[in-house]
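With the hints as constraints, model all of the structure from the sequences given.
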Amino acid sequence: MDVGNILVWIVWFAAAFACLGSGIAVVTFANPFYSALALIGNLASLAVLYLLLSAEFVAAAQVLVYAGAVMVMFLFVIGYLGGRADAPWAGGPSWQQVAAICAAGALLVEIVVAVGLKAGDRLDDEATIGASFGSPQEIGRLFLTNNLLAFEITSIVLLVAAVGGVILGAHSRRFDREVARR
Amino acid sequence: MMGPEVTWYLIVASILFTIGALGVLVRRSPLIVLLSLEIMLNGANLALIAFARHQGDADGQIFALTVMAVAASEVVVGLGLIVAMSRRRLPLDVDRMTTLRG
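In order, the protein sequences belong to chains W and L.
Following numbering that gives the first Met the number 0, the numbering of the first sequence begins with 0 at its first residue and continues without gaps.
Following numbering that gives the first Met the number 0, the numbering of the second sequence begins with 0 at its first residue and continues without gaps.
Simulated from the structure, these hints should not be mistaken for laboratory data.
Only a predicted model underlies this, so the values are computations on that prediction, with no experimental measurement involved.
Careful, some of the hints might be misleading.
[Claimed, not checked] Taking lysine to any residue and the SDA-like style, the derived pairs with C-alpha atoms no more than 25 Å apart in a straight line are:
| id | chain 1 | residue 1 | chain 2 | residue 2 |
| --- | --- | --- | --- | --- |
| 1 | W | 117 | L | 40 |
| 2 | W | 117 | L | 6 |
| 3 | W | 117 | L | 55 |
| 4 | W | 117 | L | 54 |
[Stated by the list, open to error] In silico contact screen, one side only, chain L against chain W (beta carbon under 8 Å); selected entries:
| id | residue |
| --- | --- |
| 5 | 17 |
| 6 | 21 |
| 7 | 38 |
| 8 | 41 |
| 9 | 45 |
| 10 | 48 |
| 11 | 53 |
| 12 | 58 |
| 13 | 61 |
| 14 | 64 |
| 15 | 79 |
| 16 | 83 |
[Said to hold, decoys possible] Computed list of chain L residues with no C-beta within reach of chain W, every gap over 12 Å:
| id | residue |
| --- | --- |
| 17 | 97 |
| 18 | 98 |
| 19 | 99 |
Heads up, the beta-carbon is just placed ideally off N, CA and C, and yes, glycines get one too.
Here it is as structure tokens:
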């Protein structure tokens with residue numbers, strides 16, 4: 000094992016533990032504001048893992064789109080609603096929480112068994128990749144040649160979501176006026 | 000390949016997905032349910048990108064980018080719904096939101 004390999008392992012462990020730790024923090028924090036901040040840490044450490052998988056463009060998009068734009072919108076809404084804390088673990092675990100933890104554990108076992116059965120013996124042989132793998136140039140070429148339909152449908156999905164957001168806002172504004180008239 | 004094999008990434012991805020699922024099941028605030036959904040999507044994204052690297056085929060990264068766009072749309076609609084709920088003075092508690100009529 001050479002020095003570069005050990006360095007990659009160290010970075011991987013730091014990023015993976017930051018990722019899982021901040022994920023647990025998102026689920027356990029009572030205040031939604033702190034949960035959103037923990038999710039930003041989660042997304043940033045995932046971007047480090049993407050870089051280790053030589054997915055440079057996806058890592059950049061993750062930081063810009065997710066940790067930047069989406070999380071700012073989240074923080075604005077949390078600020079607008081006021082950070083109401085719900086104490087998730089107060090008063091000991093309820094039967095609902097115990098059942099939820101059992102369901103999540105069953106889900107984890109199911110994922111591990113399914114992936115292990117389907118791909119367990121093929122996970123060892125790693126493909127060799129060129130230097131341009133995951134670069135913006137390569138991603139752009141794939142989006143505009145093999146995956147053009149997915150690219151166009153994505154733009155329509157984003158447009159529909161934007162229109163839906165505007166309509167939801169307009170509806171609640173009309174409701175506000177009706178309440179004021181009564 | 001330098002560093003960990005694809006199996007290590009898959010372990011992290013599946014644990015991340017489970018943490019997100021736990022948050023969706025346990026938490027009552029719809030805001031934190033949305034945040035936990037983001038964690039689930041990111042677990043799936045990590046698995047996609049790990050398999051893309053493993054197969055040497057960048058189509059997995061294309062899929063991950065598409066998932067990112069869908070997640071952004073989902074956040075827009077979800078946050079719009081939450082703001083509309085709070086404007087109608089409905090309780091921000093998914094256990095008490097049991098009817099579709101406002």
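Q. Can we keep the residue 83 of chain L interface hint, with Cβ of chain W closer than 8 Å?
A. holds, 4 Å
Q) Between residue 117 of chain W and residue 55 of chain L, is the straight-line Cα distance small enough, at 25 Å or below? A) Satisfied, since the Cα-Cα distance of roughly 19 Å is no more than 25 Å.
Q) Regarding the hint that residue 21 of chain L lies at the interface with chain W, is the smallest CB-CB distance below 8 Å? A) holds, 4 Å
Q.
For the restraint on residue 41 of chain L, tell me whether the closest CB of chain W is nearer than 8 Å.
A. Holds, about 6 Å.
Q) Does the interface hint hold: is residue 17 of chain L within less than 8 Å of chain W, judged Cβ to Cβ? A) holds, 4 Å
Q: Using Cβ atoms only, decide whether residue 38 of chain L comes closer than 8 Å to chain W, and label the hint accordingly.
A: At 5 Å from the nearest chain W Cβ, residue 38 of chain L passes the 8 Å test, so the hint holds.
Q) For the hint on residue 79 of chain L, does the least C-beta distance to chain W fall short of 8 Å? A) Holds - the Cβ of residue 79 of chain L comes within 8 Å of chain W, reaching about 4 Å at its closest.
**Q.** 12 Å Cβ clearance of residue 99 of chain L from chain W
**A.** Holds: least Cβ distance 14 Å, greater than 12 Å.
Q | Hint check, residue 61 of chain L versus chain W [nearest Cβ-Cβ separation less than 8 Å] | A | holds, 5 Å
Q | Satisfaction of hint between residue 40 of chain L and residue 117 of chain W, Cα-Cα up to 25 Å | A | holds, 21 Å
Q) Are all beta-carbon distances from residue 97 of chain L to chain W longer than 12 Å? A) Answer for residue 97 of chain L: holds, closest chain W Cβ roughly 14 Å.
(Q) For the restraint on residue 64 of chain L, tell me whether the closest CB of chain W is nearer than 8 Å. (A) holds, 6 Å
Checked against the numbered hints listed earlier, the structure breaks none of them; every hint is satisfied.
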